[in-house]
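**Q** All chains, full assembly: derive it from the sequences and hints.
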Amino acid sequence: MVAAKVNASSMVFRKGEPFQLYLQTGQSAGTLNLNIRETQNEKIIWSTNQPATSAGETLSIPTDREGVFDLTIKHPVAGQSARTIQYVVIDTDNPNADIASSEDKQPIATIDPATSAADYYSSLPILAKGYVESGSNGAYENPVNPDYFAYTLRLPDKNGFYLVEVDYPDDENRTFTISLIDEAVNPYALDSGVVTGGSFPLSNSTKTSQLYFYARTNNPRLLFLNWHANQQIALSQIRVYKISSGLPSLMAQPSERLFGTFFEETLRFTTYFGAGPKSSEWDEIKRAADRWAEWSRFVGNNLWMQSIANYQSVMWPSKVLPGYAPAEEDRYGLIGPPSEKDPVQKDLVRLLLLTAEKNNLAFIGELNIPLIGFIRDALDLRFGGSGDSSRNTNETPWLTVSDQGKIGGKSPFDPYLNPVHPKVQEWVESIFSELAERYKDSPAFNGLAVRLMGWAFSSWQAFPSIHWGYDDFTVRLFEKETGIEVPVPETDAGRFKKRYDWLTQTQYERWVSWRCNKIFDFYKRLASILQSAKPGLKLYINAFGPDYSASDWGQYGGWRGRAAKLNKMGWSAVIKESGIDPEMFKSYPNIILSNASYYPPGVRAKGAEAASQAEVEWKEIQDPSFISAAAHNDKNASESSVQFLSNYMEYDFPVINIGFNKLLRDKDKLRICGALEPPGRLVLSRYLDAMVKGNITLFTDGGIGYILGQPNALRPFLKEYLNLPKIPMQKVANDSDVIALWYGFKSDQVYYYLVNKSDKAANVKINFSGGSESIRLASSQVDDTATISLEPYSLKSFTTVEPNSYPMRFDIVSLN
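The numbering of the sequence shown is the numbering used here, which starts it at 224 and goes up by one.
Hints should not be assumed to be uniformly reliable.
Dumping the calculated DSSO-like pairs for lysine-lysine here, alpha-carbon to alpha-carbon at most 27 Å [stated by the list, open to error]:
id, residue 1, residue 2
1, LYS942, LYS1019
2, LYS465, LYS381
3, LYS829, LYS892
4, LYS949, LYS1019
5, LYS890, LYS381
6, LYS757, LYS747
7, LYS761, LYS809
8, LYS791, LYS829
9, LYS761, LYS646
10, LYS954, LYS1019
11, LYS646, LYS720
12, LYS949, LYS969
13, LYS238, LYS757
14, LYS228, LYS297
15, LYS663, LYS542
Here are the simulated distance ranges between beta carbons [what the hints assert, rightly or not]:
id, residue 1, residue 2, range
16, GLU660, ALA833, 46 to 54 Å
17, VAL1005, ASP958, 25 to 33 Å
18, THR727, ASP316, 54 to 62 Å
19, ASP889, ASP611, 32 to 40 Å
20, GLU618, ASP316, 54 to 62 Å
21, GLN845, SER467, 39 to 47 Å
22, THR281, GLU563, 21 to 29 Å
23, GLU563, ASN790, 52 to 60 Å
24, PRO330, ASN258, 42 to 50 Å
25, LYS890, THR431, 28 to 36 Å
26, GLY781, ASP958, 35 to 43 Å
27, THR727, ASN790, 17 to 25 Å
Hints in this document: simulated from the structure, not taken from any laboratory. Glycine included, C-beta positions come from ideal geometry on N, C-alpha and C.
**A** The following block contains the structure:
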């Protein structure tokens, strides 16, 4: 018998970090043989013989090169492998190895849908106006028989990197997804898509959608799926390329401003970067992380905002999240779970942190933590209960109670915990302490984010809405701390509704203000934990809408009610009812509050409330008060952060329709989760709109659809944005709501940007306080910028040549 113990809590190491292994045998005779095999090429890179000893001995294991390694220990008597331990090494000091200078695209195939019939279809596409169109059954209105068609792609290399370009007409209202599906999908497809018309102006021209993918098989399907009735898929050409080079980096140096990828689920990045369907070992995960990093450098993403605890899946070996484990999804568990080679639970956060560190990327861990399954009973025991949460009532003090006397529990997606109860807050603080202490050594670690979202909101973060928080504990605490007595006896069975009525009708301002102070004090403690571990770490509050009570959505008016409330009160007043007062955050630099908007707005809207849903989602994108309310102010200047979440189109598609009996993971349906983009440079409109309204120094975008974006439009925009320093800026006064000029000072150097969010070209005249010569940040070109031309949907960034010369006013000479 051989006992092998590692002295580390993570099997992911920086190059050169110590890795010690304690070995002990049942007898002090014979010799142990140890060897290390590099899994990528199966080569033995290290071998040693060690005398067997029952007293035990500690060995130093080499970590002097990057890779995934199997350390095998052979038994001294039988000569058989007694144990294999797998570990990962990342060379964080070698960030730019093997980066290509340009993207090398080799044409593989061109498909003309007018002459090449689809391999699979619901009804045969027809030729119209030079392109082919599908039928008009939409997946949302006709879920039994939506219209689709698909082509089989014949790829020369099943492990290659490819680009598909799809040409389509921007001439009518259309909503369709483009999915790359293979049998080895893990467990989701790459789902991109297109939305034209409606609120997006039509160009009546041909546009191109790009979809990059890492292959897993030689014959994936390219599926086009229609989403709304009376609309049609339309295509004019499909081109397939193999990317035979690496990807060139957009930026040569690290940037101060951040533009990040947001993943709503923990291991979703493996899906998008070619990991296989059933790997529990490190090879697939590390390969996917490396590919994500290369892609990020290419497109200009310099931040990963990664969900690290969600839906019973966790990405670090936590001691305070009982029931959570590393898996893509709890019900699938296809990638991430422990293998026989793991002596400790996989530390996926460490893998991503060190990969980010190597590639000059920032990393923010995002927490949602729905109370699904075992964790609910475990926390019940921790908080002082029996450990059987099903026995809890509306008198359980650590649970929040609604104005109807309701507690969570019937659904894992109900509001549940009381956010002002000290035991709840202590538990959350223990999570923050665990993460801050564990990862403070990494320069890539920027902080932790808290998700506020109605879906799967367990309410440890804040109150769900004004309709929650009427439990005995919270009301007693309010009475004690304010001196206001709520005239409703605790013995009254109808006390919850009576408390709500009395507090909202007679003490509304005091009640809302008290709740905001309690939540803000809680957030300040969380931010202090991060700062104490490592100065500079920040707490990010990601507010997906102003209220989070999805389980009783219909009871309080649904989309119509929300639209009316937002129009009457405004975003800032509505979010205060959940305990979030944006004004409290403005002068507190260690907490960053972001309004997170669904994009494209309204694309999922259907049925009786479609118009109200679209109204709310467009309002949350377009209302400038959402950005200004969450801005950090510095005298006359400010800086803001903005998040976007894909309004993904979800449908369970039978894979037999595209020629697969089942997927390798033994499923006969695949969840389509399409992320739609408007055509051409309109993909930039959400970012440009935000930069008109605020000095945005942090963007995140993503979700669980195809998050790779459209690089042909995104890269030029990010070249301008990322060259701007992260400084407060002020807006030059002008009546235009489509063109804006912002400027700020860094010492005596003036930086400014001009943004045009319209579909028209513009010429702008600028008056400076001094000289008008400026340096274009993206190109280093020096020009006289007294007059500047702007393309439709564009951003230009500059610094003035003369110190302290700043733009005083600007006039729009032409806009056409």
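**Q** Look at each hint and say if it fits the structure.
**A** Going through the hints against the structure:
1. LYS942 to LYS1019: Holds: LYS942 and LYS1019 sit about 9 Å apart, inside 27 Å.
2. LYS465 to LYS381: The given pair, whose Cα atoms are some 11 Å apart, holds under the 27 Å limit.
3. LYS829 to LYS892: Holds, at about 23 Å.
4. LYS949 to LYS1019: 16 Å, holds
5. LYS890 to LYS381: 21 Å, holds
6. LYS757 to LYS747: 15 Å, holds
7. LYS761 to LYS809: It holds: about 14 Å lies between the C-alpha atoms, which stays within 27 Å.
8. LYS791 to LYS829: Answer holds: LYS791 to LYS829 is near 24 Å, not above 27 Å.
9. LYS761 to LYS646: With a Cα-Cα distance of about 23 Å, the restraint between LYS761 and LYS646 holds, given a limit of 27 Å.
10. LYS954 to LYS1019: OK: LYS954 and LYS1019 at ~15 Å, within 27 Å.
11. LYS646 to LYS720: With Cα atoms ~25 Å apart, LYS646 and LYS720 stay inside 27 Å; holds.
12. LYS949 to LYS969: 9 Å, holds
13. LYS238 to LYS757: Holds. LYS238 to LYS757 sits at ~22 Å (cutoff 27 Å).
14. LYS228 to LYS297: At roughly 15 Å apart (the allowed maximum being 27 Å), LYS297 and LYS228 satisfy the hint.
15. LYS663 to LYS542: 17 Å, holds
16. GLU660 to ALA833: 46 to 54 Å: 48 Å, holds
17. VAL1005 to ASP958: 25 to 33 Å: Given range 25 to 33 Å: holds, Cβ gap about 31 Å.
18. THR727 to ASP316: 54 to 62 Å: 58 Å, holds
19. ASP889 to ASP611: 32 to 40 Å: 34 Å, holds
20. GLU618 to ASP316: 54 to 62 Å: 58 Å, holds
21. GLN845 to SER467: 39 to 47 Å: 43 Å, holds
22. THR281 to GLU563: 21 to 29 Å: The hinted range 21 to 29 Å holds for THR281 and GLU563, with Cβ atoms some 23 Å apart.
23. GLU563 to ASN790: 52 to 60 Å: 59 Å, holds
24. PRO330 to ASN258: 42 to 50 Å: Between PRO330 and ASN258, where Cβ atoms are some 45 Å apart, the hint holds.
25. LYS890 to THR431: 28 to 36 Å: 32 Å, holds
26. GLY781 to ASP958: 35 to 43 Å: Check passed, 37 Å falls within 35 to 43 Å.
27. THR727 to ASN790: 17 to 25 Å: 19 Å, holds
Violated hints: none; the structure is consistent with every hint.
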